[in-house]
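Peer 1: Residue strings, one per chain:
There are 2 protein chains.
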Amino acid sequence: MTKNPPSSTAIHPLARFAAELRWQDIPEPVQRRAEDLWVDWFGSVLAGCRARPVASITRFARSQGPSEGPSEVIGHAGASTSPMMAALANAAASHVAEQDDVHNGSVFHPAAVVFPPALAVAQSIGASGEELMAACVAGYEVGIRVGEFLGRSHYKIFHTTATAGTLAAAAAVGRLLELSPEQMQHAFGSAGTQSAGLWEFLRTAADSKQLHTAHAAAAGLMAAYLARDDFTGAQDIFTGPQGLAAGMSRDSDPTRLTDGLGTRWATAETSFKWHASCRHTHPAADALLQVMHEHNLKLQDIAHITCHVHQGAIDVLGPVVSPATVHQSKFSMGTVLALAARFGHAGLTEFDDEYLAPETVALRGKVSMVLDPEVDGAYPRRWLGRVTVQTADGRQLTGRVDEPKGDPGNTLTRGELTAKALRLAAYGGAVSPADAEAAVQRLWQVAQWPRVEALL
Amino acid sequence: MTKNPPSSTAIHPLARFAAELRWQDIPEPVQRRAEDLWVDWFGSVLAGCRARPVASITRFARSQGPSEGPSEVIGHAGASTSPMMAALANAAASHVAEQDDVHNGSVFHPAAVVFPPALAVAQSIGASGEELMAACVAGYEVGIRVGEFLGRSHYKIFHTTATAGTLAAAAAVGRLLELSPEQMQHAFGSAGTQSAGLWEFLRTAADSKQLHTAHAAAAGLMAAYLARDDFTGAQDIFTGPQGLAAGMSRDSDPTRLTDGLGTRWATAETSFKWHASCRHTHPAADALLQVMHEHNLKLQDIAHITCHVHQGAIDVLGPVVSPATVHQSKFSMGTVLALAARFGHAGLTEFDDEYLAPETVALRGKVSMVLDPEVDGAYPRRWLGRVTVQTADGRQLTGRVDEPKGDPGNTLTRGELTAKALRLAAYGGAVSPADAEAAVQRLWQVAQWPRVEALL
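One line per chain: the protein sequences are A and B, in this order.
Residue numbering for the first sequence follows full-length UniProt numbering, beginning at 1 and increasing consecutively.
Residue numbering for the second sequence follows full-length UniProt numbering, beginning at 1 and increasing consecutively.
Since the hints were made in silico from the structure, they are not lab data.
Warning: the hint list may mix true and false statements.
Any copy, or any two copies together, can satisfy a pair, since identical chains are not distinguished.
[To be verified] Below, a list of computed lysine to any residue pairs in the SDA-like style, where the Cα atoms sit at most 20 Å apart:
| hint | residue 1 | residue 2 |
| --- | --- | --- |
| 1 | K405 | P66 |
| 2 | K156 | A246 |
| 3 | K156 | S252 |
Being a predicted model, the structure only gives us computed values, none of them experimental.
Make the full structure from the sequences, and use the hints.
Peer 2: Put into structure tokens, the structure is as follows:
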């Protein structure tokens with residue numbers, strides 16, 4: 001069963017698509033959504049770039065790369081280094097605030113693993129804004145489809161953003177480096193064979209999530225550079241008998257890899273995060289806000305909240321009963337609902353200041369999760385929010401949302417996105433409000449940039 | 001089930017062992033064997049450092065690191081860079097010639113993922129030769145046990161040298177950085193969550209093997225540096241419900257992680273490679289040489305050779321029927337046996353010059369593999385060689401070896417190791433014979449070095 005190296009007839013359609021995607025082929029609404037995602041991502045980086053685990057990775061990256069280079073280390077006073085090391089640092093920063101985007105169907109956070117490596121390489125090679133953004137759309141389309149392909153069994157053990165993230169990063173960087181379809185396929189092979197990232201760290205609130213995005217960005221970037229140098233990878237890293245699905249999934253679906261390529265734009269299906277917590281908590285939080293608003297409930301009216309959730313929420317959030325850190329509290333359904341109930345929004349500041357407040361802890365103890373067949377059946381395509389509130393006076397009230405705020409059908413306006421990015425920048429404290437505002441205004445114009453320069 | 005961050009009572013014995021191992025605690029025969037492995041590794045690096053895939057990784061590493069640094073890029077005319085980038089390049093070089101060492105029970109190649117990151121860091125921090133070698137023994141002991149723990153089901157899909165390799169590299173580098181046991185455990189968590197490497201690349205003779213060792217070395221090194229900076233990882237990356245075994249093994253055995261720690265020295269169980277091919281081919285090759293010698297067989301006497309092998313050999317070698325590249329031919333049982341039969345030894349030069357020669361191809365076609373219960377039952381602890389040769393005149397002859405040449409009970413002398421290293425260096429052509437010889441003589445004295453300097 002030995003085959004010769006891939007010929008042009010054996011190129012996977014996903015590799016060909018990623019290698020050939022041009023900005024002008026992307027429908028205008030998708031272009032605009034890509035710009036929305038880009039600005040939204042920038043806020044997350046600025047929010048996270050000084051967090052302790054990110055600072056560790058950034059220190060390491062800067063110590064291993066050149067002390068100056070073509071690629072910006074965002075939020076570190078003009079620091080720069082090589083593309084790989086900048087990608088490592090910026091990707092670590094992108095995910096820590098838990099405010100970056102998410103694609104529901106794949107349970108994949110594309111921005112954190114796509115924009116950092118693409119930006120670093122675009123700055124290094126002098127790409128235009130259009131070239132950068134087309135490459136990022138390629139990264140989104142590939143990463144999301146790989147996440148969908150790997151399926152729910154994969155996500156039970158593996159952090160899909162980390163694993164599919166290597167492919168997403170390779171696609172984006174590969175497009176910028178103008179890989180041929182055959183080279184792109186090799187880049188996929190090299191990226192996929194570096195796919196890694198286990199959920200085990202959540203159990204002790206460890207820092208691995210930041211390492212996961214950093215690793216995916218750097219590994220995918222390396223895969224693309226190597227492919228440009230004609231370094232070869234597996235021909236069929238996805239479905240081969242010793243490939244990704246064989247090793248890391250029990251319910252993989254190869255049809256998802258090419259689902260609607262060029263007509264269905266997964267980029268535009270990506271959701272923005274409104275609450276600063278794990279996305280699995282958002283539907284229930286919004287359903288709670290809905291029922292509280294409808295019945296004008298106060299905190300003291302709430303005796304118990306039952307969240308009717310999908311299995312993935314139980315898998316990820318279930319172990320977190322008594323959060324020991326701010327980061328872990330973002331995976332505590334009880335904490336998120338308590339903050340939402342108390343403040344109308346579970347934002348970064350609310351988490352930092354209030355996650356262990358007595359009122360939060362008291363309400364947290366009144367929240368439980370149960371598996372709901374309807375919610376579970378709709379997941380991961382739709383993230384339905386269903387809660388039952390038992391009131392102190394004995395009523396049973398139901399809260400429902402079918403699209404949590406930030407989902408494509410309930411999306412954020414450009415005004416809301418700008419405000420969110422500036423809130424995140426202010427939270428991070430790495431740049432002045434004026435500098436953040438000027439940068440965000442420039443970022444909205446990315447598609448007009450003749451050349452990608454430093455963002456700050 | 002939320003736990004607090006690891007306390008001192010929850011340190012895994014393997015992390016504690018790696019953090020506390022000192023050179024003087026290692027029995028003298030094990031110290032000497034470690035020196036043997038060190039010299040043997042150096043030959044493999046020099047043999048591989050100019051190979052095409054290695055050159056790609058080295059170019060990339062040098063482009064992403066500083067143009068000068070504390071760590072040597074071996075075989076590139078005095079080039080140096082940062083520890084991570086040197087580890088990336090040197091680890092890529094270590095495995096390509098298929099002459100580096102192997103531990104049978106774990107089917108793990110320790111040298112390629114232990115010495116490169118440890119050397120790069122030792123050069124960077126000015127460690128002594130003893131500190132370097134104690135760290136490398138820690139890397140061997142950890143990596144081998146992790147490989148044994150992950151088991152045979154893991155190896156069917158995953159390249160254990162790549163996956164367990166991240167842990168081995170983290171242990172070695174972590175020891176050099178003097179991590180506390182708790183920090184070492186965090187380093188294990190960060191290394192394990194970067195564990196990756198799929199066999200799929202073999203099917204098309206792709207270059208991924210070199211990426212695998214490079215990735216393991218760099219990822220493990222990063223994990224150790226981050227842990228020194230108090231970056232945390234999963235407390236139980238091995239056996240946790242979303243850890244390595246849960247994601248990547250169906251027959252993991254946790255008792256192997258601590259098997260004989262401090263009394264059983266897995267380092268000394270490591271075998272040297274005599275033939276320049278996949279280790280799975282060696283038992284049969286030696287058994288063939290044995291039966292040919294015993295019965296004074298010539299090539300034309302051989303009508304058919306049946307190799308009685310373990311399942312792992314069929315899994316790895318089975319797909320390679322008609323090798324398209326030199327590298328792939330090292331995974332072709334037929335090619336290896338043909339070269340051994342023709343030249344008495346399947347070395348690098350024999351592969352390069354003869355793997356597609358008509359005589360080789362003709363004999364290759366006469367070789368088959370069958371699963372043998374006795375051989376399979378002994379594997380992976382013992383790699384038994386069993387062949388049946390059908391002769392042209394109708395005889396059935398049996399060849400047997402119980403320890404292929406290079407195994408601990410049939411090991412190489414220091415003279416053979418020196419000669420092998422110099423042969424490999426000459427093959428690689430990166431350094432002059434005089435420089436190689438001087439370096440090898442110095443390398444034998446590593447335990448006396450007050451400070452690890454450039455090897456060349």
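Peer 1: Compare the structure with each hint and give your call.
Peer 2: Hints, one by one, checked against the model:
no. : hint        : result
1   : K405 / P66  : neither (42 Å within a copy, 45 Å between copies)
2   : K156 / A246 : both (15 Å within a copy, 10 Å between copies)
3   : K156 / S252 : both (13 Å within a copy, 18 Å between copies)
Of the numbered hints listed earlier, the single one contradicted by the structure is hint 1.
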